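Visitor: Residue numbers (the numbering used here), protein chains in the order written: chain Y, 1 to 589; chain A, 1001 to 1208.
No lab work stands behind these hints: they were computed from the structure.
Check each hint, because a few of them may be wrong.
Pairs of lysine to any residue residues, derived as SDA-like cross-links and limited to a Cα-Cα distance of at most 25 Å, are as follows [said to hold, decoys possible]: (1) Y:Lys24 with Y:Lys443; (2) A:Lys1009 with Y:Lys519; (3) A:Lys1009 with A:Glu1032; (4) A:Lys1033 with Y:Pro115; (5) A:Lys1010 with Y:Lys24; (6) Y:Lys519 with Y:Gly574; (7) A:Lys1009 with Y:Arg296; (8) A:Lys1166 with Y:Leu117; (9) Y:Lys519 with Y:Thr501; (10) A:Lys1010 with Y:Leu192; (11) Y:Lys565 with A:Thr1208; (12) A:Lys1010 with Y:Ile568.
Not close to chain A: a few residues of chain Y, all C-beta gaps over 10 Å, as computed [as the list claims (entries may be wrong)]: (13) Leu219; (14) Phe220; (15) Ile230; (16) Leu238; (17) Leu263; (18) Ile364; (19) Leu388; (20) Pro398; (21) Pro459; (22) Thr493; (23) Leu505; (24) Val551; (25) Tyr552; (26) Tyr556.
Computed from a predicted model, the values in this text were never measured in an experiment.
All residues carry an ideal CB built from backbone N, CA and C; glycine is no exception.
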Amino acid sequence: MAYVPLADQDDAHALHDPQSFVTKYIWSQDHKVIAIQYGGVAIFVGLIALGLSILMRLQLGFPDTISWIDPAFYYQAVTMHGMIMVIYLLTALFLGGFGNYLIPLMCGTRDMVFPFLNMLSFWFYLVSVIILLASFFVPGGPTGAGWTLYAPQSISHGTPGSEGGILLMLISLAVFIIAFTMGGLNYVTTILQARTRGLTLMRLPLSIWGIFTATVLGLFAFPALLVSAIMMAFDLVLGTSFFMPAMMELGTQNDYEGGSPILFQHLFWFFGHPEVYIVALPAFGLVSDVISTHARKNIFGYRMMVWAIIAIGGLSFMVWAHHMYVSGMNPYFGFFFATTTLVIAIPTALKVYNWVLTLWQGNIRLNTPMLFAIGFIFTFVHGGLTGLFLGNVVIDVPLADTYFVVAHFHMVMGVSPVLVLFAALYHWYPKVTGRMFNETMGKVHFWCTFLGTYAIYLPMHYLGFLGVPRRYYEMGNTDFIPETAQALNANITLAAIFVATAQILFFINIFWSLRNGEKSGGNPWGATTLEWQTPDTPPKHGNWGDELPSVYRWAYDYSVPGMEKDFIPQNEPGMEFEKPRQQKGMEAL
Amino acid sequence: MSFYRDVTKKPWNTVGLPEGIEPRPAFNMPNEKVALIFFATCASVLFSLLVVSYFIRMTVGDWVPLATPSMLWVNTGALALSSVCFHFAVLQSRKTGAVRFGSGAGLLSLAGGLLAIVFIAGQYSVSEQLLAAGHGLRVNAANAFFYLLTGIHVIHLLGGLWVWGKAQVRLAIGTDAKDARLSLELCAWYWHFLLVIWAILFYLLAST
Chain Y
1 MAYVPLADQD DAHALHDPQS FVTKYIWSQD HKVIAIQYGG VAIFVGLIAL GLSILMRLQL
61 GFPDTISWID PAFYYQAVTM HGMIMVIYLL TALFLGGFGN YLIPLMCGTR DMVFPFLNML
121 SFWFYLVSVI ILLASFFVPG GPTGAGWTLY APQSISHGTP GSEGGILLML ISLAVFIIAF
181 TMGGLNYVTT ILQARTRGLT LMRLPLSIWG IFTATVLGLF AFPALLVSAI MMAFDLVLGT
241 SFFMPAMMEL GTQNDYEGGS PILFQHLFWF FGHPEVYIVA LPAFGLVSDV ISTHARKNIF
301 GYRMMVWAII AIGGLSFMVW AHHMYVSGMN PYFGFFFATT TLVIAIPTAL KVYNWVLTLW
361 QGNIRLNTPM LFAIGFIFTF VHGGLTGLFL GNVVIDVPLA DTYFVVAHFH MVMGVSPVLV
421 LFAALYHWYP KVTGRMFNET MGKVHFWCTF LGTYAIYLPM HYLGFLGVPR RYYEMGNTDF
481 IPETAQALNA NITLAAIFVA TAQILFFINI FWSLRNGEKS GGNPWGATTL EWQTPDTPPK
541 HGNWGDELPS VYRWAYDYSV PGMEKDFIPQ NEPGMEFEKP RQQKGMEAL
Chain A
1001 MSFYRDVTKK PWNTVGLPEG IEPRPAFNMP NEKVALIFFA TCASVLFSLL VVSYFIRMTV
1061 GDWVPLATPS MLWVNTGALA LSSVCFHFAV LQSRKTGAVR FGSGAGLLSL AGGLLAIVFI
1121 AGQYSVSEQL LAAGHGLRVN AANAFFYLLT GIHVIHLLGG LWVWGKAQVR LAIGTDAKDA
1181 RLSLELCAWY WHFLLVIWAI LFYLLAST
C-alpha cells in the first residue's frame, strides 16, 4: 500500500472526540488522560510497596516487636516490595506515565498513533496490578521467593506463597508484559513516524530519546521475562522440569527431574539488567531537560548525550551475568561480564560529566525541580561508584548477599530514579494542572527525602562491609556481627520511617495546589520544548488547536547571546541559517 | 544510512526547516507496518530465547529426543501454502488497486486464512497423537519443549488470524477498502515471518 505523507493524511481521524464522562475520563483514548491513569495507579501501588518496606524495616530495626511479622510475611513483603517498585511503579510511571504525557506533546502531535491500543495498554496494566494485589488474599498469601523469583525456591513447598501466590505473580507479569508491549509499540511508532514538521531526530529533547531507547530495550528484554514466567508456570502447574531439578522438599523427594535453575537465572537477568536501564534511561532524559531548563543553559554535549543513551541501551544487553558471579558459572564468563560492566560505565560517566558541565556557569535557579535534579546527580554518582566495586568478580564475591548490595542498588535504581520522578512531577505539574505548587513545601520535601535517604543507605554500606547478610529475617547468633550493627539497623529504620512520612508533604502539596495553587500560565519556567508552547494549559484534547506546530530549532536554545529573552521556544521561527564554524571548540562536543 | 546521518547532525547549528515543510517520518511506510516490524523483532527475541533455552536444557543428561511425527510435514505444507496465498493476494491487490470479497485477492486471502486454520488444527492433532502415545509433558523435557514451542507459535498465529478475521469482515461489508488492503499486507508480512519462525522450530525439533 502506498505511503501517504503525514501532511496529506486526513487530520480528523486522529481526533476521536470524547463525548461523555466515560469516554473522556474512564475509557479515554487521550494520551494525557491515559498518562494520568497510569501515573495514579503506579503511585498507588508504589505506596503499598513503601508501606511493605517500612514493615520490613520495623522487623530489622526492632526485631519481634510486631508479633504478626513472621518470617513468611517478611519474605513476602521483601518480594512484593521489590517487584512492585521495579516493575509496577518505576517502569509504569516513567514509560506509561511520562511517556504517554510527553511523547505526543514534545513531538508536536495530537495523540499517539494507535490511541485505542494505548487505552488497552492502561487497562491491561490495571488488570496486572489487580492480579498482583489479589495474591495478598489467596491461601498462603503472595510469593515470598524474592523479587528475582529464583527457581527452585519460588515453587518449592515451604516457600511462602508457593500455593497460589507465585502463580498469580507469574500471570500478573505476563499481563503486564502484554500491556507494556501495546504501549511500547505506540511510543516507538509515534516518535519515529509522527513527529511534526521540522522536528528531526536530533532536535528531539533528551526526554524523548531516553523514553524511546528505554522502550526499545523493554520491547526486547521483556520477552525474556515472559519466557521464564511461562516456563515456570509450566513447571508449577503442569509438572514439567524446565527449571526444577530433582531434590528433597520438606523431607520428601519431589516429582521433578533434570531442570536447570541456572537457566532461569540467565533468562531472568537477560531481562533484569536491561530493566535497570529501562528505568534509568527515561530518568536520564527527563533530568537532562530539567537541569538545562533551570540552569538556563543548553545541555552540554547534546549529541554525545544521545549517543551515550544509545550506547548504554546496547551495552545493557551484554552485562546480565554480573548478577550471577556467585551462581557457580564459568570464571571466564565472569571476566567477560566484568569487562562489559566496566565499559558501560564510560557512557554513563559521560552523562554525569555533561550534567555537571551544564550546571557550570549556568544561571541556576535552585527551585524544587532543580533541587531534586541535583540531588539525583549526587545519589547516582554514589550508587554508580559502588557499582564499579560490585562489577568486579573478586570484590563482588565477598560482598554478594550483604547489605552493601542492598545499599548499592537502592542508591542507583531506587533513590536516583525516584528523585528524578519528583523532579519531573514538580517540573511538569504546572503543565498538567495549570497551577503552581507550593515551593516552600516542595523544598522541605526535597531536603527531608534527600538527607533522609542518605541516613538510610549510607550506613548500609558499612553493614555490608561488616558482612551483615541481606534477606535475613533476623540476625540470630551471628558472632561476627557486632551489637553496634543492631543499633545502626534501628537508626536506619527510624530514618526510613522519617522519609516515608515526609512523602505526605508531596501529596498535600499536589492536592492542595490543585485548587489553591497560583495559576501557572502556559510556560512558567521559560522552557523551550514544545509541550510548554500549547495554546491551552492544561492542553485540551488534540493538544494544538487548529494547527500543528512547526519546529525551527533544537530543544536547548537557552541564553543565546544577543537575544532579548533567555530562551527561544522550538516553534519560534527564525531566519534560516547555518551557524558559522567559528565555534570549533564546541563542535567537538 | 539515514539513521546514522540523522544522529551525526549538529542541531544547534541550524535554524529553520532543514527538511522542508513536510513532516519527515523515519520510515516511508504506514505506521502499522512500522509497529509490525517492531513486534516481529520482539517476537523473534522471544523465540530466540526459547531456542537457546532448548539447547541449554538439552545438555542435561535426562534429555530423550522426541521422534518427529510425520504429520508435521503436512502441517508445514499447509502453513507454507497459506503464506504463498497471502503473498499472491497482495500482488493481486496491487495490480487491481482494490480488494473486494469475491475478487482474486479476496479469495486468495480467504484461502490463506483457512489454510492457517488447517495448520492449527493439524498441530492440535499432532499433540493429541503424541499424548495418546504416552509422550506427555511430564515424561521428558524434550516433550515439554515440543508443546511449549508449538503452542507459543500457534498463539502468535491466532493473533494474526484475529487481524485476518477483521479484514475479511471489512471485505465482506465492502467498506474501508483502503484499511482492508493494508490489513492484507500486514497479514502477508506476518505470515511470512511466522513461516520462517516455524521452519526454524521444525528444523530444531526434527534435528535434535
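Visitor: Take the hints in turn and mark each one as holding or not.
Guide: Structure-based check of each hint:
1. Our distance criterion of 25 Å between C-alpha atoms is broken by Y:Lys24 and Y:Lys443, whose separation comes to about 35 Å.
2. Between A:Lys1009 and Y:Lys519 the CA atoms are separated by roughly 39 Å; this puts the pair beyond 25 Å, and the hint is violated.
3. For the suggested pair A:Lys1009 and A:Glu1032, the alpha carbons sit about 28 Å apart, so the restraint of at most 25 Å is broken.
4. Our distance criterion of 25 Å between C-alpha atoms is met by A:Lys1033 and Y:Pro115, whose separation comes to about 16 Å.
5. Proposed proximity of A:Lys1010 and Y:Lys24 is contradicted: the alpha carbons are some 41 Å apart, above 25 Å.
6. A hinted pair counts as satisfied when its Cα atoms are at most 25 Å apart, and Y:Lys519 with Y:Gly574 does not qualify at roughly 30 Å.
7. Distance restraint check for A:Lys1009 and Y:Arg296: the Cα-Cα separation of roughly 23 Å lies within the 25 Å cut-off, and the hinted pair is therefore satisfied.
8. Under the criterion of a C-alpha separation no larger than 25 Å, the hint pairing A:Lys1166 with Y:Leu117 is consistent with the structure, at around 16 Å.
9. Between the alpha carbons of Y:Lys519 and Y:Thr501 the distance comes to roughly 28 Å, so the proposed pair goes past 25 Å and is violated.
10. Only pairs whose Cα atoms come within 25 Å are accepted, and A:Lys1010 paired with Y:Leu192 is accepted, the gap being roughly 19 Å.
11. A C-alpha spacing of about 70 Å is found between Y:Lys565 and A:Thr1208, which places the hinted pair above 25 Å, so the restraint is violated.
12. In summary, the hint linking A:Lys1010 to Y:Ile568 is supported, as the alpha carbons are separated by about 17 Å, within the 25 Å threshold.
13. Not every CB of chain A is more than 10 Å from the CB of Y:Leu219 (nearest about 5 Å), against its label as outside the interface.
14. For Y:Phe220, the condition that its CB be more than 10 Å from all CB atoms of chain A is violated, with the nearest at approximately 5 Å.
15. Residue-level check failed: Y:Ile230 sits 7 Å from the nearest beta carbon of chain A, not beyond 10 Å.
16. Its closest Cβ contact with chain A, about 5 Å, brings Y:Leu238 to no more than 10 Å, contrary to its assignment away from the interface.
17. Taking the minimum C-beta to C-beta distance to chain A, about 5 Å, the non-interface status of Y:Leu263 is violated against the 10 Å cut.
18. Against chain A, the non-interface label of Y:Ile364 holds: every CB pair exceeds 10 Å, the least being about 21 Å.
19. No beta-carbon of chain A comes within 10 Å of the beta-carbon of Y:Leu388; the shortest separation is about 28 Å.
20. Even its closest Cβ contact with chain A, about 29 Å, leaves Y:Pro398 beyond 10 Å, as expected for a residue assigned away from the interface.
21. The non-interface label for Y:Pro459 is consistent with chain A: the shortest C-beta to C-beta separation is roughly 40 Å, beyond 10 Å.
22. Separation of Y:Thr493 from chain A is adequate, the least Cβ-Cβ distance of about 40 Å exceeding the 10 Å criterion.
23. Every beta carbon of chain A lies more than 10 Å from that of Y:Leu505, the smallest distance being close to 39 Å; the non-interface claim holds.
24. A cut-off of 10 Å between C-beta atoms contradicts the statement that Y:Val551 is not in contact with chain A; the least separation is 8 Å.
25. With a least CB separation of 6 Å from chain A, Y:Tyr552 falls inside the 10 Å interface cut-off, contrary to its annotation.
26. The non-interface label for Y:Tyr556 is inconsistent with chain A: the shortest C-beta to C-beta separation is roughly 7 Å, within 10 Å.
Hint check: violations occur at hints 1, 2, 3, 5, 6, 9, 11, 13, 14, 15, 16, 17, 24, 25, 26; the rest are consistent with the structure.
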